[in-house]
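Novice: Next come the chains, spelled out residue by residue.
2 protein chains.
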Amino acid sequence: MEFDSIIVRFGGEIGIKSEWTRCVYEKMLMRNIKNALEYYRLIPEAVERKRGRIYIETLRTQEITHKLTKIFGISSVSPATQTSSDMNPIAQTALNLADKIIENHSTFAVRCRRIGTHTYSSMDICKEVGNQILSNLKTRNLHVNLTRPQFTVSIEVREAKAYVYAETLNGEGGFPVGSQARVVCLLSGGIDSPVACWLAMKRGCPITPVYIDNAPFTDENATIRALETAKKLFEWSIGFPRKVYVAKNGENLKTMIEKTPRKLTCILCKRMMYRIAERIAEKEKAEGIVTGEAIGEQASQTMHNLRVTNEAATRYPIHRPLLGFDKTETENIARKIGTFEISTQRARSCTAAPSKPATKAKLQKIKEAEGKLDIERMVEESVKAAKITEV
Amino acid sequence: MEFDSIIVRFGGEIGIKSEWTRCVYEKMLMRNIKNALEYYRLIPEAVERKRGRIYIETLRTQEITHKLTKIFGISSVSPATQTSSDMNPIAQTALNLADKIIENHSTFAVRCRRIGTHTYSSMDICKEVGNQILSNLKTRNLHVNLTRPQFTVSIEVREAKAYVYAETLNGEGGFPVGSQARVVCLLSGGIDSPVACWLAMKRGCPITPVYIDNAPFTDENATIRALETAKKLFEWSIGFPRKVYVAKNGENLKTMIEKTPRKLTCILCKRMMYRIAERIAEKEKAEGIVTGEAIGEQASQTMHNLRVTNEAATRYPIHRPLLGFDKTETENIARKIGTFEISTQRARSCTAAPSKPATKAKLQKIKEAEGKLDIERMVEESVKAAKITEV
Numbered sequence: 001m002e003f004d005s006i007i008v009r010f011g012g013e014i015g016i017k018s019e020w021t022r023c024v025y026e027k028m029l030m031r032n033i034k035n036a037l038e039y040y041r042l043i044p045e046a047v048e049r050k051r052g053r054i055y056i057e058t059l060r061t062q063e064i065t066h067k068l069t070k071i072f073g074i075s076s077v078s079p080a081t082q083t084s085s086d087m088n089p090i091a092q093t094a095l096n097l098a099d100k101i102i103e104n105h106s107t108f109a110v111r112c113r114r115i116g117t118h119t120y121s122s123m124d125i126c127k128e129v130g131n132q133i134l135s136n137l138k139t140r141n142l143h144v145n146l147t148r149p150q151f152t153v154s155i156e157v158r159e160a161k162a163y164v165y166a167e168t169l170n171g172e173g174g175f176p177v178g179s180q181a182r183v184v185c186l187l188s189g190g191i192d193s194p195v196a197c198w199l200a201m202k203r204g205c206p207i208t209p210v211y212i213d214n215a216p217f218t219d220e221n222a223t224i225r226a227l228e229t230a231k232k233l234f235e236w237s238i239g240f241p242r243k244v245y246v247a248k249n250g251e252n253l254k255t256m257i258e259k260t261p262r263k264l265t266c267i268l269c270k271r272m273m274y275r276i277a278e279r280i281a282e283k284e285k286a287e288g289i290v291t292g293e294a295i296g297e298q299a300s301q302t303m304h305n306l307r308v309t310n311e312a313a314t315r316y317p318i319h320r321p322l323l324g325f326d327k328t329e330t331e332n333i334a335r336k337i338g339t340f341e342i343s344t345q346r347a348r349s350c351t352a353a354p355s356k357p358a359t360k361a362k363l364q365k366i367k368e369a370e371g372k373l374d375i376e377r378m379v380e381e382s383v384k385a386a387k388i389t390e391v
Numbered sequence: 001m002e003f004d005s006i007i008v009r010f011g012g013e014i015g016i017k018s019e020w021t022r023c024v025y026e027k028m029l030m031r032n033i034k035n036a037l038e039y040y041r042l043i044p045e046a047v048e049r050k051r052g053r054i055y056i057e058t059l060r061t062q063e064i065t066h067k068l069t070k071i072f073g074i075s076s077v078s079p080a081t082q083t084s085s086d087m088n089p090i091a092q093t094a095l096n097l098a099d100k101i102i103e104n105h106s107t108f109a110v111r112c113r114r115i116g117t118h119t120y121s122s123m124d125i126c127k128e129v130g131n132q133i134l135s136n137l138k139t140r141n142l143h144v145n146l147t148r149p150q151f152t153v154s155i156e157v158r159e160a161k162a163y164v165y166a167e168t169l170n171g172e173g174g175f176p177v178g179s180q181a182r183v184v185c186l187l188s189g190g191i192d193s194p195v196a197c198w199l200a201m202k203r204g205c206p207i208t209p210v211y212i213d214n215a216p217f218t219d220e221n222a223t224i225r226a227l228e229t230a231k232k233l234f235e236w237s238i239g240f241p242r243k244v245y246v247a248k249n250g251e252n253l254k255t256m257i258e259k260t261p262r263k264l265t266c267i268l269c270k271r272m273m274y275r276i277a278e279r280i281a282e283k284e285k286a287e288g289i290v291t292g293e294a295i296g297e298q299a300s301q302t303m304h305n306l307r308v309t310n311e312a313a314t315r316y317p318i319h320r321p322l323l324g325f326d327k328t329e330t331e332n333i334a335r336k337i338g339t340f341e342i343s344t345q346r347a348r349s350c351t352a353a354p355s356k357p358a359t360k361a362k363l364q365k366i367k368e369a370e371g372k373l374d375i376e377r378m379v380e381e382s383v384k385a386a387k388i389t390e391v
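Residue numbers (the working numbering), protein chains in the order written: chain S, 1 to 391; chain F, 1 to 391.
Do not take every clue at face value.
[Claimed, not checked] Calculated Cβ distances over 12 Å to all of chain S for the following chain F residues: (1) 127; (2) 145; (3) 169; (4) 224; (5) 287.
[Said to hold, decoys possible] Going by beta-carbon spacing under 7 Å, a handful of chain F positions derived as facing chain S: (6) 59; (7) 173; (8) 181; (9) 204; (10) 206.
It should be emphasised that the hints constitute simulated quantities derived from the structure, not laboratory data.
We treat Cβ as the ideally placed atom computed from N, Cα and C, and that holds for glycine.
Go ahead and model the full structure; you've got the sequences and the hints to work with.
Specialist: Okay, structure coming up:
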């Protein structure tokens with residue numbers, strides 16, 4: 001079947017916003033769709049926004065449909081054939097589609113959704129199309145089943161036009177990227193942090209990834225991996241800047257290991273990361289910091305340690321979208337969004353991590369340890385020397 | 001089939017912890033299981049912990065299995081029949097089970113997992129049992145299909161014992177409640193906050209729910225609803241305290257409305273809630289505060305406003321497990337855990353909410369507004385007058 005249109009549906013949450021907010025969100029979504037299609041050189045004939053829908057005219061429905069499922073705010077899409085809203089062309093188009101998709105000896109249903117003023121009801125359409133299918137394809141031994149049909153022919157009538165389709169592909173829902181303020185993300189390139197970034201993007205936030213480079217305690221591969229995951233993530237926010245901050249923290253780590261209790265290294269390092277992220281958030285006019293931390297996933301992520309690390313971030317909230325996720329749940333999303341393969345490539349894990357990290361570090365001990373360091377200068381230098389990479 | 005045992009499996013994340021941590025977690029799980037079964041007066045004959053498994057002996061397998069799926073840290077359970085680890089009794093038990101579950105004209109597989117020293121391999125067991133099923137049930141027209149069987153007979157050999165089973169029910173995974181520090185949860189009784197609580201519990205945190213009572217701006221039903229959701233949540237942490245704080249905030253709200261810009265009411269109220277929660281966290285020796293906020297879900301939950309509300313919490317991190325969730329995803333969990341029905345019961349929504357709440361409130365304006373209030377005294381009095389209810 002050659003389709004000529006795509007029906008784009010929005011997430012249910014956009015629909016329940018106030019009229020004004022909804023309109024702003026729909027316009028953002030229009031912009032994001034246009035940017036993505038231009039980026040992939042998939043220019044459609046027309047893009048039309050109606051209340052609660054976007055209709056795209058194109059002959060490259062398959063390629064465009066695929067790209068649309070990676071734009072947040074879209075809940076689902078259907079490749080369709082457009083006709084006028086007159087009964088005859090609708091019935092003819094629906095019959096053509098039925099002829100192509102419905103197998104012999106099977107059950108089918110016709111569904112119709114209608115907005116606008118017409119001489120018929122949705123039910124009239126269903127009956128007319130159903131009857132035409134039964135009579136025109138009668139050699140096929142078809143039966144109507146409205147509750148659990150094997151095949152469904154769907155019709156969406158919208159004012160003077162109608163769209164006939166058989167298939168609906170799910171998008172990821174969420175809000176259009178750009179509908180929320182920017183966030184800075186601590187992106188390690190491991191499995192968790194890219195998923196946390198993706199969830200923040202899904203809810204509308206453009207992201208600025210920050211990779212904390214702990215070389216010589218980590219190797220070059222870790223940096224490459226982080227940049228590759230960032231690149232993958234930016235596929236979900238086409239049209240937004242693709243820059244990544246790489247901030248060196250190796251010298252800081254050396255000093256920490258030299259001057260402070262070994263079992264506190266990871267906690268002090270985490271606090272340093274938050275502080276670097278805060279400075280970059282300020283530069284980037286972001287409103288929060290996102291990390292891939294999950295409760296109890298690592299020693300530095302016990303509920304207790306999350307409190308004492310969190311204490312270092314004084315000006316921005318630390319957002320942890322994975323708090324309640326099991327590792328397998330995070331991995332499933334990582335696979336879906338394409339970061340899992342990158343994150344599981346070999347890279348040396350940080351050799352600065354102590355063999356027995358504190359799981360219940362006392363804030364006072366941490367403060368004492370930090371008292372031996374020139375924290376302010378360390379943060380300052382890491383931020384000043386940070387490199388911005390376009391990926 | 002009458003089973004006499006239950007195989008209990010742990011989440012994959014428990015298995016990858018250090019030997020010592022794993023052992024601590026398994027013991028906590030043992031304790032939580034015993035507490036739950038005592039609570040429901042479902043006393044088993046025996047409970048035995050082995051590495052990576054708990055085996056329960058009981059004739060009330062169905063009831064106990066059902067309760068076990070509501071204990072965090074358990075990834076799955078299988079009702080089973082116990083035998084010795086000799087080949088003959090295993091084969092006989094497996095044949096009995098096959099006889100009962102496998103339908104005529106179908107495909108089946110035999111699976112075996114073995115730990116310990118035995119005179120046979122797992123493969124030997126599979127072959128022997130498979131052959132016995134084929135020959136003894138040959139009138140049934142059965143075929144072996146190892147990749148996509150319609151029925152599976154499973155055998156788990158563990159040292160001197162063996163367990164034969166057909167069915168595996170999923171648990172929720174996560175960590176045993178009590179393996180992480182306590183958290184205080186702002187529980188409104190709406191759809192979101194109970195789900196956020198549940199996710200924190202799932203990752204091992206005992207919870208202390210705090211309901212902020214905004215009467216006269218909300219009605220009695222809202223309070224009842226919140227307490228009911230708490231009761232439902234405590235089904236997931238049997239053996240832990242079931243107390244809920246109810247803290248009055250209505251007088252505070254009245255003062256805010258009187259003295260500060262109307263569009264800031266929700267933000268000032270949220271900041272007040274965080275402060276009350278912090279005081280209670282201190283009393284309860286908790287390590288964090290959990291809320292049901294999701295990015296962009298409401299005007300007070302824009303990324304920008306999360307920052308300016310978060311700023312009020314200075315001593316505890318605010319954890320928001322639902323940050324990246326779409327409303328439908330939250331609702332699906334609410335339905336699964338049984339809070340959705342309660343949360344959607346009618347209750348007056350807060351009449352203190354302004355018709356045009358600020359979505360991008362300036363921190364300075366907030367500080368100015370709070371400057372007109374005696375915040376310290378307001379928090380103090382709400383906490384002092386807070387009632388503790390056992391549910």
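Novice: Take the hints in turn and mark each one as holding or not.
Specialist: Comparing the hints with the structure gives:
{"no.": "1", "hint": "127", "result": "holds, 32 Å"}
{"no.": "2", "hint": "145", "result": "holds, 25 Å"}
{"no.": "3", "hint": "169", "result": "holds, 17 Å"}
{"no.": "4", "hint": "224", "result": "holds, 26 Å"}
{"no.": "5", "hint": "287", "result": "violated, 5 Å"}
{"no.": "6", "hint": "59", "result": "violated, 32 Å"}
{"no.": "7", "hint": "173", "result": "holds, 5 Å"}
{"no.": "8", "hint": "181", "result": "holds, 4 Å"}
{"no.": "9", "hint": "204", "result": "holds, 5 Å"}
{"no.": "10", "hint": "206", "result": "violated, 10 Å"}
Violation of the numbered hints given earlier is confined to hints 5, 6, 10; the remaining hints are satisfied by the structure.
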